[in-house]
Amino acid sequence: MTRIILFSVAAGMVSGYAFLPGWYIDISEPVMIVGLSVLLFFVGVELGIEGSAVTMLKKAGFKVLLYPVAIILGTLTFAALSALFLPVTAREAMAVGSGFGWYTLAPVMLMEYSSEISAMSFMHNVMREFLGLLLIPLVARFVGYIETVSLPGVAAMDIFLPIVEKATSKDILVYSFVTGLVMAVGVPVLVAFFAGI
Amino acid sequence: MELLILYLGLAFVGYLVGNKWMPRGKKAPWVTRIQMVAVVILIFTMGARIGADKTIAASLGTIGWNSLILTLFTMTGSVLAVFLLRNLLGRDKRGMKKS
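Protein chains in written order, with this note's numbering: chain A, 1 to 197; chain B, 198 to 296.
Please note that a few of the clues may not be correct.
[Stated by the list, open to error] Pairwise CB distance ranges, derived in the manner of DEER restraints:
hint: 1; chain 1: A; residue 1: R3; chain 2: B; residue 2: D289; range: 21 to 27 Å
hint: 2; chain 1: B; residue 1: L285; chain 2: A; residue 2: Y24; range: 29 to 35 Å
hint: 3; chain 1: B; residue 1: L201; chain 2: A; residue 2: A90; range: 17 to 23 Å
hint: 4; chain 1: A; residue 1: V69; chain 2: B; residue 2: A255; range: 35 to 41 Å
hint: 5; chain 1: B; residue 1: M219; chain 2: A; residue 2: L57; range: 16 to 22 Å
hint: 6; chain 1: B; residue 1: G287; chain 2: A; residue 2: V34; range: 45 to 51 Å
hint: 7; chain 1: A; residue 1: L138; chain 2: B; residue 2: N284; range: 29 to 35 Å
hint: 8; chain 1: B; residue 1: V214; chain 2: A; residue 2: P21; range: 35 to 41 Å
hint: 9; chain 1: B; residue 1: M198; chain 2: A; residue 2: F7; range: 32 to 38 Å
hint: 10; chain 1: A; residue 1: L81; chain 2: B; residue 2: M219; range: 42 to 48 Å
hint: 11; chain 1: A; residue 1: I25; chain 2: B; residue 2: L281; range: 41 to 47 Å
hint: 12; chain 1: A; residue 1: A90; chain 2: B; residue 2: R230; range: 37 to 43 Å
hint: 13; chain 1: A; residue 1: T89; chain 2: B; residue 2: L281; range: 25 to 31 Å
Please keep in mind that the hints were generated in silico from the structure rather than gathered at the bench. We put the beta carbon where it would ideally sit given N, CA and C, even for glycine.
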């Protein structure tokens with residue numbers, strides 16, 4: 001999956017830079033709207049088939065739900081702080097930070113705002129997932145088990161479940177799934193909000 | 198705003214379709230395949246627009262470093278937020294109730 005994504009973005013950049021005709025760039029906006037519509041519809045279908053999302057949320061209880069809320073607040077606060085050291089506004093930094101590692105959704109949405117912020121968003125989200133992978137064992141050992149689920153963001157709900165379980169314990173899986181799910185719902189809402197699109 | 202409502206609405210309708218009309222719990226590889234095709238088209242198009250913008254293509258290195266700084270900040274903020282909440286809710290390092 002990751003390899004296909006990196007290949008697609010590289011192929012897109014090279015062809016956009018070197019030879020892609022201007023009309024493709026002109027129609028790129030409707031292409032992305034249709035693409036995002038298809039993607040989100042089928043993300044919904046996948047969750048529906050699995051059927052455990054709503055059950056898990058109900059079972060988890062109120063206190064577990066507080067974790068993703070805290071993670072979102074922590075992410076956004078520190079994204080705003082990072083703007084002090086970066087050539088972007090606090091709002092732009094928060095729009096990028098709101099991707100929560102969902103590199104196939106957030107940067108495409110931000111294309112409508114600016115290509116530069118979109119590029120930053122893509123790199124940030126890939127890095128968040130990749131660094132999550134590297135840091136989960138360290139954070140589990142030196143900081144705490146529940147803290148690990150905050151690292152990757154949205155991917156905590158699916159592909160990171162076995163990684164979290166291996167570094168922590170079975171009891172942490174519910175935190176991981178609920179965190180990823182709540183953050184996933186937050187991505188389109190918060191990205192659109194901070195970018196004003 | 199209209200687009201956001203469209204996207205969230207479609208995800209919700211998709212959830213209902215998957216939940217009501219498809220065999221529960223069965224893997225549907227074609228759903229994953231359609232997602233994959235959509236993702237490849239989206240990411241390729243995004244890359245093409247970044248590549249077509251010569252000023253951005255030239256400053257990708259700087260953008261990368263800036264992204265790394267932002268990433269380190271957000272991940273620190275996330276871990277810190279959980280650490281504070283976990284202690285507030287009286288859970289130990291392993292996520293168990295403190296006795």
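Verification of the supplied hints:
no.: 1; hint: R3/A to D289/B: 21 to 27 Å; in the structure: violated, 39 Å
no.: 2; hint: L285/B to Y24/A: 29 to 35 Å; in the structure: violated, 52 Å
no.: 3; hint: L201/B to A90/A: 17 to 23 Å; in the structure: holds, 21 Å
no.: 4; hint: V69/A to A255/B: 35 to 41 Å; in the structure: holds, 40 Å
no.: 5; hint: M219/B to L57/A: 16 to 22 Å; in the structure: holds, 20 Å
no.: 6; hint: G287/B to V34/A: 45 to 51 Å; in the structure: holds, 49 Å
no.: 7; hint: L138/A to N284/B: 29 to 35 Å; in the structure: violated, 19 Å
no.: 8; hint: V214/B to P21/A: 35 to 41 Å; in the structure: holds, 37 Å
no.: 9; hint: M198/B to F7/A: 32 to 38 Å; in the structure: holds, 34 Å
no.: 10; hint: L81/A to M219/B: 42 to 48 Å; in the structure: holds, 44 Å
no.: 11; hint: I25/A to L281/B: 41 to 47 Å; in the structure: holds, 46 Å
no.: 12; hint: A90/A to R230/B: 37 to 43 Å; in the structure: holds, 40 Å
no.: 13; hint: T89/A to L281/B: 25 to 31 Å; in the structure: holds, 27 Å
When each numbered hint is compared with the structure, violations occur for hints 1, 2, 7.
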